[in-house]
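Asks: In case you want the letters, here they are:
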Amino acid sequence: MPKPAKPGPQPGNPSELIIDGEILPNQWRLLAQTAAGESPDIPAAGKVILPLRQWQAQRRALTARSDEIGVWLDSDEGAESIGAAAAQCPLIAVHFPAFADGRGFTTGRLLRERFGFKGELRAVGGFMRDQLTYLRRCGFNAYAFEGDEPLASLHDSLHDFSDSYQAGVDQPLPLFRRRL
Amino acid sequence: MYRYDDRDRAILNDRVAQFRGQTQRYLAGELSEEQFLVLRLQNGLYIQRLAPMLRIAVPYGLLNSTQLRRLARISRDYDKGYAHFTTRQNLQFNWPHLEDVPDILAELAEVEMHAVQTSGNCIRNTTSDPFAGIAPDEIADPRPYCELIRQWSSFHPEFAFLPRKFKIAVSGSQQDRAAIRVHDIGVQITKRDSDLGFQILVGGGQGRTPVIAETIRDFLPEADLLPYLEAIVRVYNRLGRRDNKYKARIKILVKALGPEEFGRRVEEEWQQGKDGAEKLTPQALQWARSFFTAPAYKTFDGSASEAALQQQAEGDRAFARWLERNTYCHRVAGYRAIKLSTKPTGVPPGDVTDRQLDAIADLADAFSFGEARVTHDQNVVLADVEQGRLYALWQQARQHGFATPNIGTLTDMICCPGGDYCSLANAKSIPVAEAIQRRFDDMDYLYDLGDLNLNISGCMNACGHHHVGHIGILGVDKKGQEFYQIQLGGSAANDASLARVLGPSFSRAEVPEVIGKILDLYVQQRRTAESFLDTYKRIGLQPFKESVYAKAG
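Residue numbers (UniProt numbering), protein chains in the order written: chain A, 1 to 180; chain B, 1 to 553.
No wet-lab data here; the hints were simulated from the structure.
Being a predicted model, the structure only gives us computed values, none of them experimental.
Using N, Cα and C, we set each Cβ at its ideal position, and we do this for glycine too.
It is possible that part of the hints are untrue.
Have a look at the derived ranges for each label pair, beta carbon to beta carbon [unchecked claim]:
{"no.": "1", "chain 1": "B", "residue 1": "Glu-267", "chain 2": "A", "residue 2": "Gln-56", "range": "25 to 35 Å"}
{"no.": "2", "chain 1": "B", "residue 1": "Asp-195", "chain 2": "A", "residue 2": "Arg-60", "range": "50 to 60 Å"}
{"no.": "3", "chain 1": "B", "residue 1": "Ala-256", "chain 2": "A", "residue 2": "Asp-20", "range": "47 to 57 Å"}
{"no.": "4", "chain 1": "A", "residue 1": "Gln-171", "chain 2": "B", "residue 2": "Arg-20", "range": "38 to 48 Å"}
{"no.": "5", "chain 1": "A", "residue 1": "Glu-149", "chain 2": "B", "residue 2": "Pro-504", "range": "52 to 62 Å"}
{"no.": "6", "chain 1": "A", "residue 1": "Gln-171", "chain 2": "B", "residue 2": "Ala-392", "range": "46 to 56 Å"}
Here chain B stands alone, though its shape is the one from the complex (with noise of 0.2 Å):
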């Protein structure tokens, strides 16, 4: 992974003082509460409901297990032993006080980690694929551009005071892992004859307004990553809006202008500054790739370590269980990839305890060279695991209570923190998910679905991604009452979608059984393996309003 050098260093430590600064003029009442939330946010301090909450930034999500013990420590010792992660990669703690907050800061930066950026009208952490330089389908890997992209954006002295929040997202992969269709800026990484490059994506985005990003460059060549994204986000600092929060992101231009239109103004703007100091040199991709090389991986015999596996597997069938659904494959012969799972049932999604983060370290020191990457839904990722110690794994996974073999099933829900924590919420998030795992806990019939997004957000902000989940849950607030509307049919994928909304919205006790009625329309509607997304595909919302609405009797 990347490692600072003292310049580095310099500048964390720099922000670090800053911030004291900030937050010591703030509690003597020399700074203003508007200029201070402008100042917070950029440094993810929010004031929440119940306390203020510290976005801490995990760079593309990956963490070594030294990052680890220090959030597990963080989070005992200024916090009520708990952290979250969150769909961006990054983690939360929720019960921080703000005098604490520069002492946390500069706890992290011991560990070469930050705050910078997770939150404010800036550009923010930029997410990546969680298996990054395993992962079979893999172009280049994505992440020395996303290091790249971090230190290009932080700080950036033209950018940190835009209309609005600005997410970008790279995929070094044939599939997106990464929902790039769904960011102001998806950069795809792409390959024309042997040059490496990239197709550029703009506009994509949830809340209010979800829009799929639109294409305006086919192959960007390696070297002019960075002056084409600086072109970009000019562009947008000038023409977006600024007289409405809800019309400021970067999609609304897009759509305003029409792609074609935003693009050749994008166009222009780069062929000024082109062949400017922010071309990538080949020196400068040596040294970004660097940070990435493969660790000391073993030589195995695939072949021979698979049939050691299956043996295991069929000798233990809860093994086999969350050897199906929790393992990934990997590049090189005898590994794989795990997810830890962070939604058992009763959990919120997400959420970690200390202990928890300290048995990841030790997992990750154990069996996967020291590192962990979080995931877009709020798992966290062991990337290099020898085929032959996964059933050791799989056990310590288990006391620590990671093995739930639900990845990618039904439970597997992405959720947002909900109207529990979060002030913006209009309707809580966290009990709807545990209903839905309360109900739907048999296993077999969770792996008879198969794959199955389901997204839940506790407002229209779409924290809880539910414009992009196979089925989505959007809190909804009417007359002070909490109110739950499903939508079906989105996807974050390469096929990205927006989910449609299915009718009329149900108290919080209702969505089980609708979620039920949904599942079963499915199964008796579905071709031999046919996905529940394939399936509404095929026969559309109407089958499924049909059955969902239908009156008793």
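In isolation and in its complexed conformation, chain A is listed as follows (with noise of 0.2 Å):
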């Protein structure tokens, strides 16, 4: 599908998120995507989520820095866009433009099953805590929830299931491997 022109609503960068089933002050400064061509300003220290673009264009040259550079992929840029790269990154951010734009969930499970990416999978954006198992499942360890709900309430949403019937990043083994 083509990009659209204009840039669609952009993740947000709450203070506080959900890491490993923890609330946690959020380390991570996320930078906005840009016009077509320009380049954001790199604060010079501390840890810095790029969106795509300026992670590809740029990397080579902070790889000094490379614990606290990570990248943000936007619901149209799929796992390949990192591709083997991904096992070095410490984090990758997934954009959810919408609750219902549901590309993300690939796009994790692909970076953690396909591209062997141990560091941080973080959802940003605009999904929403009925979906928290599912992100889970698809190998998500961290949610910038960006609703009014208090993060503490969310905390069980991560756990809606007991048990599953298909394989996933949590679960490698479908039941019907698990049953016999």
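Both chains are sitting in their own frames, so use the hints and assemble them into the complex.
Replies: Spelled out as structure tokens, the structure:
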């Protein structure tokens, strides 16, 4: 699908988020996409999450800071746009511009299962609480929730289901293999 | 049939609890309309013209008598004593209260039923052949695969927010009775040498852009079913359009890329996950098959039992008619499958009362090992009836209004709920069905016409499958008034084809007369034993057009 001319809604960067089941302060600064051709001002120090295009352009120049350079993918930017380089990334964020846009679930799963990504996989944007189980099962371990509900109340939704039929990042064997 | 174990029960109970919580949050104002809409749709809950509508999943149409009795009770306790069988082998309640839905789901869970993914942009209930397991032309029973697909697709974390709804149908027979060519994925069981496998068709569908599916793989080995389906849905999830809901179905993607390129991408994706965890092991296949074994059939002398039946038929013309139209060959000697017709004149096609649901349960218990199947044409099949007991069954079915001997004829029409219930509809469809049933009430005439599918939809979403009716009727809105477009020549079977529009639309009052003219021309033009569809294919649309639109005098 062609990329829309105008940038869509940009992911937010809340001050707290759920990481590995705990509510923690957000230590990363997520930079919004800029218009085509421009480069954002990258802070001289600290952990920063770059839009894919800037990350591709500048990651070699930033090799010395590789532990504090993450990348975020828009919903039409698939896992292969990072590919094998994912294995060296400390953090990849996947943007859900709307909760109904489910492309990010596939992106998360492929980053984990196909490209060997081991770092923090962060969901950003307009996902909703009722998707947390699905996100977790697709390999996300961090959730930068932008809704109004207090983070503490979201915790239970990570485990809406105690078991699952099909394989996922959290459970490599489908139920039909575990039953026998 | 498939029976739940503790793990299925745990998953389903988790779902009931989850939906109860979501409903409470919505009622408390914590969930927006927009958010709750998506959540409730994935649980089959619509807000319709008159009330909410709850669509219950009937996986591949199979029900046992306990489940039927529970559905009867739910329709009594929570609804107005009615239920509706749909073309996707599901069942709908039209008047539940939103606040009661979690309790309804809890009642369903007790009998191993649910409303999971009966709507929404996710993988819907998988459909199949209502004669699965008993059809003489069956290559292999599709139900074990359907159940494996049900489990794989239920709460699939990657595919719960697809660009649009996604429908899979599986056929295990030579004759396609599951309309696989008008599904997002059609799975045809096939054999190569002695190995079982699947022909995979993709990109069929109805709605406002009807398309016949294309084959992207002639033979997929049996073990590869789930990884291959996963590859198809993954390609679709990534590339399907999300900017326009009318262009978001997989059929549009397959058309845009071309079936070869789409298939190539699927193969490429599949190669990556081909030998992954979802690959079916021999043990898994054996386990899935173990739920669909033959019941304890008795041994009969087929010819003696056939002769006895013929004698009964000769003595009772009404029974003979029913025998001819409403019963089907069985692979086991001395048995037949029967269809209970939900289409007597004046009853909305597919509608049953709570008492009728109980009656189906009783008939299933008494005559067919306690099981029944919902069909794609909105009737009910009892699959395993002893020939020697057909007469008794017919008498009981008649008492409950199920023995109208019209199966496969003009009056056994597929019909959506239309403008009487559905908020999407442009026009009513139930009164059109009734007007046609009233006008063509002469059984001898209907039998003379032979097999004829008439399908009615109240809008272009095509829930009544008008595109694939031999005769299709589509309700359209013209400046706030209801009109009906007539289409001819569709088929959902092996020779799947899309109907063509006859010409300008008609008022509701004109429809029976127009159908009459079409049938008159068929009767004039047909060759010996030629079906309506075959005559249409031979002579084309034009003579029908001329006959229908000819100026009087």
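Asks: Each of the hints needs a verdict: does it hold here or not?
Replies: For each hint, the structure was consulted:
A beta carbon spacing of about 29 Å between Glu-267 of chain B and Gln-56 of chain A agrees with the range 25 to 35 Å that was offered as a hint. The beta-carbon spacing between Asp-195 of chain B and Arg-60 of chain A, approximately 51 Å, falls within the hinted interval of 50 to 60 Å. For Ala-256 of chain B paired with Asp-20 of chain A, a C-beta distance near 41 Å fails the hint of 47 to 57 Å. A hinted range of 38 to 48 Å is violated for the C-beta pair Gln-171 of chain A and Arg-20 of chain B, which are about 25 Å apart.
For Glu-149 of chain A paired with Pro-504 of chain B, a C-beta distance near 55 Å keeps the hint of 52 to 62 Å intact. Against the hinted window of 46 to 56 Å, the Cβ-Cβ separation of Gln-171 of chain A and Ala-392 of chain B comes to about 51 Å, which satisfies the hint.
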